[in-house]
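Participant: Here are the chains, one letter per residue:
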Amino acid sequence: MMLEFIQHLVNGLSLGSIYALIALGYTMVFGVLQLINFAHGDVYMLGAYIGMYTAHFFQLGQNSSVLALIFTITVSMITCAVVGFLIEKFAYRPLRKSPRINVLITAIGVSLFLEFSGQLLFGPDPKFFPQIFKPSGDWSIGELKINPLQILVFFISIILMSVLQTIIFKTRLGRAMRAVSFNHDLASLMGIPTHRIISYTFMLGSGLAGAAGVLVGLTYPKIDPLMGTMPGLKAFVAAVLGGIGNITGAVIGAMTLGLAEEFLVGYWAPTYRDALAFGILILILLFKPTGLFGVKQTEKV
Amino acid sequence: MKLLFSSNSRHGIASLRNWILALVLIWMAHFFVADEIDPYFFSIIMYAGINIILAVSLNVVNGFSGQFSMGHAGFMSVGGYISAFATTQLETIYPEWFAHSFLMSLFFIFILVLAGLGAGFVGILVGLPSLRLKGDYLAIVTLGFGEIIRVFILNIDTIGGARGLPNIPALSSFGLLYSWVVITIFCIWRLVNSAQGRDFLAVREDEIAAEAMGVNTTQAKVRAFVVGAFFAGVAGALFAHYLRYLNPQTFDFNRSFEIIIMVVLGGMGSLTGSVLAAVFLTAIREALRSLQELTRIDFRMIIYSLMLILLMLTRPNGLLGTRELIDFIPNGSRKKKKSLESHP
Amino acid sequence: MTTLHNETDSLEALEVKNLTIQFGGLKAVSDLNLQVSKGMIFGLIGPNGAGKTTAFNMLTGVYRPNSGKIQAFGKNLVGCRPFQITQFGVARTFQNIRLFKNLTVLGNMMIAMDHHPEQKHFWVLPSLLRTRPMVENEIQQEKNCLELLKIFKLDTRKSEIAKNLPYGDQRRLEIARAMATGAKLLLLDEPAAGMNANETKLLMHSIRLIRDEYQMTILLIEHDMKLVMGICEKIAVLDYGVKIAEGTSSEIQNNPRVIEAYLGKVPTDE
Chain Z
1 MMLEFIQHLV
11 NGLSLGSIYA
21 LIALGYTMVF
31 GVLQLINFAH
41 GDVYMLGAYI
51 GMYTAHFFQL
61 GQNSSVLALI
71 FTITVSMITC
81 AVVGFLIEKF
91 AYRPLRKSPR
101 INVLITAIGV
111 SLFLEFSGQL
121 LFGPDPKFFP
131 QIFKPSGDWS
141 IGELKINPLQ
151 ILVFFISIIL
161 MSVLQTIIFK
171 TRLGRAMRAV
181 SFNHDLASLM
191 GIPTHRIISY
201 TFMLGSGLAG
211 AAGVLVGLTY
221 PKIDPLMGTM
231 PGLKAFVAAV
241 LGGIGNITGA
251 VIGAMTLGLA
261 EEFLVGYWAP
271 TYRDALAFGI
281 LILILLFKPT
291 GLFGVKQTEK
301 V
Chain S
302 MKLLFSSNSR
312 HGIASLRNWI
322 LALVLIWMAH
332 FFVADEIDPY
342 FFSIIMYAGI
352 NIILAVSLNV
362 VNGFSGQFSM
372 GHAGFMSVGG
382 YISAFATTQL
392 ETIYPEWFAH
402 SFLMSLFFIF
412 ILVLAGLGAG
422 FVGILVGLPS
432 LRLKGDYLAI
442 VTLGFGEIIR
452 VFILNIDTIG
462 GARGLPNIPA
472 LSSFGLLYSW
482 VVITIFCIWR
492 LVNSAQGRDF
502 LAVREDEIAA
512 EAMGVNTTQA
522 KVRAFVVGAF
532 FAGVAGALFA
542 HYLRYLNPQT
552 FDFNRSFEII
562 IMVVLGGMGS
572 LTGSVLAAVF
582 LTAIREALRS
592 LQELTRIDFR
602 MIIYSLMLIL
612 LMLTRPNGLL
622 GTRELIDFIP
632 NGSRKKKKSL
642 ESHP
Chain A
646 MTTLHNETDS
656 LEALEVKNLT
666 IQFGGLKAVS
676 DLNLQVSKGM
686 IFGLIGPNGA
696 GKTTAFNMLT
706 GVYRPNSGKI
716 QAFGKNLVGC
726 RPFQITQFGV
736 ARTFQNIRLF
746 KNLTVLGNMM
756 IAMDHHPEQK
766 HFWVLPSLLR
776 TRPMVENEIQ
786 QEKNCLELLK
796 IFKLDTRKSE
806 IAKNLPYGDQ
816 RRLEIARAMA
826 TGAKLLLLDE
836 PAAGMNANET
846 KLLMHSIRLI
856 RDEYQMTILL
866 IEHDMKLVMG
876 ICEKIAVLDY
886 GVKIAEGTSS
896 EIQNNPRVIE
906 AYLGKVPTDE
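Residue numbers (the working numbering), protein chains in the order written: chain Z, 1 to 301; chain S, 302 to 645; chain A, 646 to 915.
Where hints are given, some of them may not hold.
Unchecked claim - Some chain Z residues well away from chain S (every beta-carbon gap over 10 Å; in silico):
(1) Gln-119
(2) Ile-151
(3) Thr-171
Unchecked claim - Distance windows between CB atoms, simulated:
(4) Leu-286/Z - Pro-778/A: 33 to 43 Å
(5) Leu-595/S - Lys-97/Z: 56 to 66 Å
(6) Lys-89/Z - Phe-332/S: 53 to 63 Å
(7) Glu-143/Z - Gly-669/A: 28 to 38 Å
(8) Asn-809/A - Asn-456/S: 25 to 35 Å
(9) Val-163/Z - Val-723/A: 44 to 54 Å
(10) Gln-520/S - Leu-774/A: 57 to 67 Å
Said to hold, decoys possible - Straight-line alpha carbon distances no greater than 27 Å define the calculated DSSO-like cross-link-like pairs of lysine-lysine that follow:
(11) Lys-808/A - Lys-97/Z
(12) Lys-288/Z - Lys-672/A
(13) Lys-672/A - Lys-746/A
(14) Lys-672/A - Lys-720/A
Note that these hints are calculated values from the structure, not bench results. Where is the CB? At the ideal position from N, CA and C, for every residue including glycine.
This is chain Z alone, in the form it adopts within the complex:
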């Protein structure tokens, strides 16, 4: 009984940390643009593919090591950051003054475009992610067997999130980002180059999604062009759960969702997995739309 519980706990935390990496991008972009960047989940998909191709190109599958892993993650993060930059520049920036619904429609368009041109580029069939980091068997504590990859995913996520936290709260860039998320016009009056800051925000968020892509490839090594939609949507739910625009909230929300999903699957109704996140979303938006840690905003009459 206890064993099973711990097993689900580990699974949940590892899943939650992947959601968290994606959710951070959602929450940051929402913070500065009030936009649900639907394409974000697909950037995560691109991250997985970039990781795969990088690994193949440098033949990291054969000589797996921590270094290979760090290298792959870095390449994937940088490429995804560039992709994020391009998406913002060409799809969202021209719409800065448009109604929000137009931007939302564009985001759906970008998302679909990435998914289905992904099919064209990478092929529609699932591909196997090379084992760039091979742990020497499971760790076993008594009866309990834990896949060290899951622990690794968890810790890499934690490290990346702390880096992000430092950037946002300890650097000039972070301060500028917070200013922009507070009020665009005021920020630009204070001499903050809002366009550039928004670009940086997209790059940061997309980079994290890229890392999540590699990490997920490591633990669940089957990747396909449509893999980004569901985790993307769920990460958004996590961001809303934690209070959208709130960094810590997004991480806690993601962990909560990851755990909730794993326990639902483990103990109760595995087939309802995909409904859970949306159920949580509906309940939270109806009863506490600001999320667990959000701030209330009201429309001025």
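Chain Z is fixed; fit chains S and A onto it per the hints.
Facilitator: Positioned in the frame of chain Z, the structure of chains S and A alone reads:
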């Protein structure tokens, strides 16, 4: 929208006589032409009809009421499954009924309405959150509802679950389907040009002002959702009895996106725009189908998505904006101005 | 003064008692008392941020007061939703114009008149079939709307899209639209904002006209003192959410507390 309220033109063109004429023409085509059409082309016509109903009904919610629903496929599936369950059960219990095709057609109309009502009821459930949510949040919640509906259907074994529901009797004939196309356009056209429709527009334009002018915005929004859902349910039922097989996967959010693309392309707030876009996109889809089956790459979605992005960048109001086709007919609209008094 | 009037014998259009609302720790409006008699033009003035618009928002159901009573024509308004309050005969305009921007002038009016208490309601079926009574009703409604538009000289612009109207016309259309709801008490939030002297003069004339011809009661917020002093029979002054004075225009002009609120305290020699 320029002529809306200011002249009675749009009601004039759409006098009851013309609608009945359209129905007559459809049934004439049904009896004399439909059998002659090349089956491939015929299937495009049928899917176009279903998509017209879907796009026009979604336009009530997304275009006229300014809510952004992304769960239309959910309503469609509710209608599809209710009707398909009813007819497949009936066929096993009373197979002899299905020998009388005319009788069965009449009965099917009743089932279609039932499917619409079922979807409409779900529309109330989905519309209720719209009372507290706006814009992006509402969009994602409706998407979530659509997915929840799909997951629930996936788990109901009596209607096939993940295996799907096969052997649905073929009851969607050309005449019946296109009669519903006409009925849908007629009802929604008249609705959005009535006092109820004005409430929708008021909600879209400014909710706070609408409320201050006495519009019960909550009721208006739920009403829009119910109307949209009802016709989506009917479309789902027609779809089920044309394809003769249902699978929950058919109704995922990509299906909802597809309907949204039709509405956006045609112009949110333009019914004729939705009709044109539905026909056009169905044609593209079917044209690419063989290529898709060969490569298993969904080319149509690449085209759709590029279209969506370019549209937002260059012509965000869609092809027609909030105008209707008849607004483009020079003076044609003015001629029939009196028709409002001399009612049909 | 009892609060148990019923609609017919009440002389008061609006009675506000001890109205208070807090945002966080801040009392935006505290213990506001107002009485607006039927047929009166009542001015609500005060420096920026004094709580005037907040008071309007409570009167029209946008905000719910923390305590206090609001009665209009003998009906309690606290806890009612904005659309219900409109149907009780209280309609408003907005400080930052809120027209239905993409609809025509007539469209704006029709929507408001759809919810006139005496308006006939048609169910879905008559709307779908466009039955004769429904169509005739629609035509009559259009006529009524045009008649109201005529007061503000907007009848010639009925087919124009609201957002394309000049600023002054938009403000006037908002008043006409509020009247179309059938309201007997109009709350005008800075109706002359952004108007030039000439337009303001015309507006004053129109406000008097609708009071006299249509038996309206008017409560208005305004910074233009010429307008306030020119047409308001009674004026209340708010400062920091508290009513500091009430009276006729000459009483208000000479009230030291009002002068202090607007200009600051005059230093004394002591």
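Participant: It remains to establish, for every hint, whether it holds in the given structure.
Facilitator: Here is what the structure says about each hint:
A cut-off of 10 Å between C-beta atoms contradicts the statement that Gln-119/Z is not in contact with chain S; the least separation is 5 Å. Listed as a non-interface residue, Ile-151/Z keeps its Cβ farther than 10 Å from every Cβ of chain S; the least gap is roughly 31 Å. With 10 Å as the threshold on Cβ separation, the claim that Thr-171/Z sits away from chain S holds: the shortest Cβ distance comes to roughly 29 Å. Range check, Leu-286/Z to Pro-778/A: about 41 Å between beta-carbon atoms, so the 33 to 43 Å window is met.
Judged by the Cβ atoms, the range 56 to 66 Å given for Leu-595/S and Lys-97/Z is violated: they are separated by roughly 43 Å. Separated by about 57 Å at the C-beta atoms, Lys-89/Z and Phe-332/S satisfy the suggested range of 53 to 63 Å. Taking the beta carbon of each, Glu-143/Z and Gly-669/A are about 55 Å apart, not inside 28 to 38 Å as hinted. Our hint of 25 to 35 Å for Asn-809/A and Asn-456/S is violated, since their Cβ atoms are close to 54 Å apart.
The hint said 44 to 54 Å for the Cβ distance between Val-163/Z and Val-723/A, and at roughly 52 Å that hint holds. In this structure the supplied range 57 to 67 Å is violated for Gln-520/S paired with Leu-774/A, their Cβ-Cβ distance being about 22 Å. Note on Lys-808/A and Lys-97/Z: the hinted pairing holds, with a Cα-Cα distance of about 18 Å set against a maximum of 27 Å. For the proposed pair Lys-288/Z and Lys-672/A, the alpha carbon gap of about 25 Å is at most 27 Å, so the pair holds.
Among the hinted pairs, Lys-672/A with Lys-746/A is inconsistent with the structure: their alpha-carbon atoms are about 34 Å apart, more than 27 Å. At roughly 26 Å between alpha-carbon atoms, Lys-672/A and Lys-720/A fall within 27 Å of each other, so this suggested pair holds.
Figure legend: structure checked against the earlier numbered hints; hints not met, in rising order: 1, 5, 7, 8, 10 and 13.
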